[in-house]
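In the order they appear, the protein sequences are chains U and F.
For the first sequence, this note's numbering begins at 124 and goes up steadily by one.
For the second sequence, this note's numbering begins at 24 and goes up steadily by one.
Everything labelled a hint here was simulated from the structure, so no lab data went into it.
Note that the coordinates shown come from a computational prediction; the quantities given were computed from them, not determined experimentally.
Note that CB positions come from ideal geometry on N, CA and C, so glycine has one too.
The reader is advised that the hints may include incorrect statements.
[Claimed, not checked] Derived Cβ-Cβ restraints for the label pairs, each shown as a range:
| # | chain 1 | residue 1 | chain 2 | residue 2 | range |
| --- | --- | --- | --- | --- | --- |
| 1 | F | H113 | U | S295 | 38 to 46 Å |
| 2 | U | N282 | F | Y183 | 52 to 60 Å |
| 3 | U | T152 | F | R294 | 16 to 24 Å |
| 4 | U | N307 | F | R159 | 52 to 60 Å |
| 5 | U | L237 | F | S234 | 29 to 37 Å |
| 6 | F | Y164 | U | L273 | 51 to 59 Å |
| 7 | U | N282 | F | S162 | 56 to 64 Å |
| 8 | U | T152 | F | A34 | 27 to 35 Å |
| 9 | U | H208 | F | S50 | 48 to 56 Å |
| 10 | U | V284 | F | E73 | 56 to 64 Å |
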Amino acid sequence: MESLSILVVDDDPVMRRLLHQRLKTENYTVTVAEDGHKAAQLLKQHRFDVVLTDLVMPGDMGGIEVLELTKELSPTTEVVLITAHSSVDSAVAAMKKGAADYLEKPINFDELLLRIEKIANVKTILRNAHDIEEAMDVTEHRAAETIQTLEIEIIKLRNTVSAVELILRDTSRDEDTRVTESLNIIEQS
Amino acid sequence: MIKISPDELKAIALYIRDISGIYLDQSKSYLFETRLSSVAEGAGCSSYRELHQKAKQDPSKKLEREIIDAITTNETLFFRDKGPFELLQHKILPELIDARTPKSPMLKTNLKIWSAASSTGQELYSIAIVIKELIRDLSKYNISLLGTDISDNAIAQASYGKYNKFEIERGLERAVLQKYFTLFGDSWKIKDEIRAMVKFRKFNLMQPLSSLGKFDIIFCRNVAIYFTLQDRTKLFNKIADSLVDDGYLIIGSTESLTGVCPRFIPKRHLRSIFYQKS
Chain U
124 MESLSILVVD DDPVMRRLLH QRLKTENYTV TVAEDGHKAA QLLKQHRFDV
174 VLTDLVMPGD MGGIEVLELT KELSPTTEVV LITAHSSVDS AVAAMKKGAA
224 DYLEKPINFD ELLLRIEKIA NVKTILRNAH DIEEAMDVTE HRAAETIQTL
274 EIEIIKLRNT VSAVELILRD TSRDEDTRVT ESLNIIEQS
Chain F
24 MIKISPDELK AIALYIRDIS GIYLDQSKSY LFETRLSSVA EGAGCSSYRE
74 LHQKAKQDPS KKLEREIIDA ITTNETLFFR DKGPFELLQH KILPELIDAR
124 TPKSPMLKTN LKIWSAASST GQELYSIAIV IKELIRDLSK YNISLLGTDI
174 SDNAIAQASY GKYNKFEIER GLERAVLQKY FTLFGDSWKI KDEIRAMVKF
224 RKFNLMQPLS SLGKFDIIFC RNVAIYFTLQ DRTKLFNKIA DSLVDDGYLI
274 IGSTESLTGV CPRFIPKRHL RSIFYQKS
């Protein structure tokens, strides 16, 4: 379980600081942006695991625009929206555009942390699934190689056994010669 | 996601092999992209060529560590395929204890065990649990359990010994889980009595092993599969040097040393294979 990197986007300075402090004490790596434009700038430079953004912000870059840009730049980044009760409908519309979750104001921090932990768990499962897939792939490949090597070894051993058998069964020659010759073949194999 | 070009793929695959031994098939460009894209972006690089240059020139090796963390697979399970642990419990440990127990009751029995690619710690904790179950009174023993891995993240998680329910639910029986782990929110944390038995340390298997000393038992499962044949031969030769003469080597159940290292001979106990020096 690695520490997630979270981008907090909120035009309210008090809210921004609260979120920053609370998430930091939970060992998350936190970056803050005071509006959508600053967020856009950061999103182009870094990859975040989670973007936590206010839905309604002044200017032409609101929460929906931040969501759209995030999903365009990094589809695996999860977006959680913070909404006022009155804008729940738009939050639901945002979920349809790919937001992972939304939280109503006033924010219940325990609830927020639970939601983020859920996102972290899903990310761990995904990573584990990818790791297992890759490990299976490589294992299968190597196992196939091993089987080939062993098959070749078996053929070599079989040939040795047949050659030795042929010599030993040849009663026309004396026993000492046959044994010496057989041992030679075994040593060379 | 930043796309990788064929030239970059070649260069970065060789670079990763140099720093970690892991040789990724170049047909898997998607793997490089999904694993390294975020490292590149995090470092402010717009291409893998830039990332490669930056990583090579970084004296702090921070970027190199990030690349290793991103590329290594940390997938392991507790008691993943039961065979090796049954082998340890019913054959290897009893034999070694017989051979190592000193005549004088004043002296302790020494045993050194190494998990060569310990990843996030599950294998070494599983070994510790087997030992704890087998030997009730550990005061007469000096048992050293060392886990090494190339990934900083893996070592950090292993040392912490905390696993979420998805990481723990497969492989561990309920009774074992409750006996040796404490519920910690949504996660399980290994109990101190087991944690205190083991040590984890970062180590690159491409380096010489002599600094680690000699071991009675070495687990090296499912890591050499990511190496080229040449690097596998080198690794198992070094492992042969690090194993005491009557020591035991356990490799992954789908792996074989045939054609890799003739210094080991396979032996069988029930349905499991282990290796000893010839």
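Checked hints:
1. F:H113 to U:S295: 38 to 46 Å: 53 Å, violated
2. U:N282 to F:Y183: 52 to 60 Å: 55 Å, holds
3. U:T152 to F:R294: 16 to 24 Å: Distance hint for T152 (chain U), R294 (chain F) is violated at roughly 47 Å.
4. U:N307 to F:R159: 52 to 60 Å: 56 Å, holds
5. U:L237 to F:S234: 29 to 37 Å: This hint is violated: roughly 45 Å between Cβ atoms.
6. F:Y164 to U:L273: 51 to 59 Å: Violated, at about 39 Å.
7. U:N282 to F:S162: 56 to 64 Å: Holds: the Cβ-Cβ distance is about 57 Å, inside 56 to 64 Å.
8. U:T152 to F:A34: 27 to 35 Å: At roughly 30 Å between Cβ atoms, A34 (chain F) and T152 (chain U) fall inside 27 to 35 Å, so the hint holds.
9. U:H208 to F:S50: 48 to 56 Å: 52 Å, holds
10. U:V284 to F:E73: 56 to 64 Å: 59 Å, holds
In terms of the numbered hints stated before, the structure departs from hints 1, 3, 5 and 6, listed from lowest to highest.
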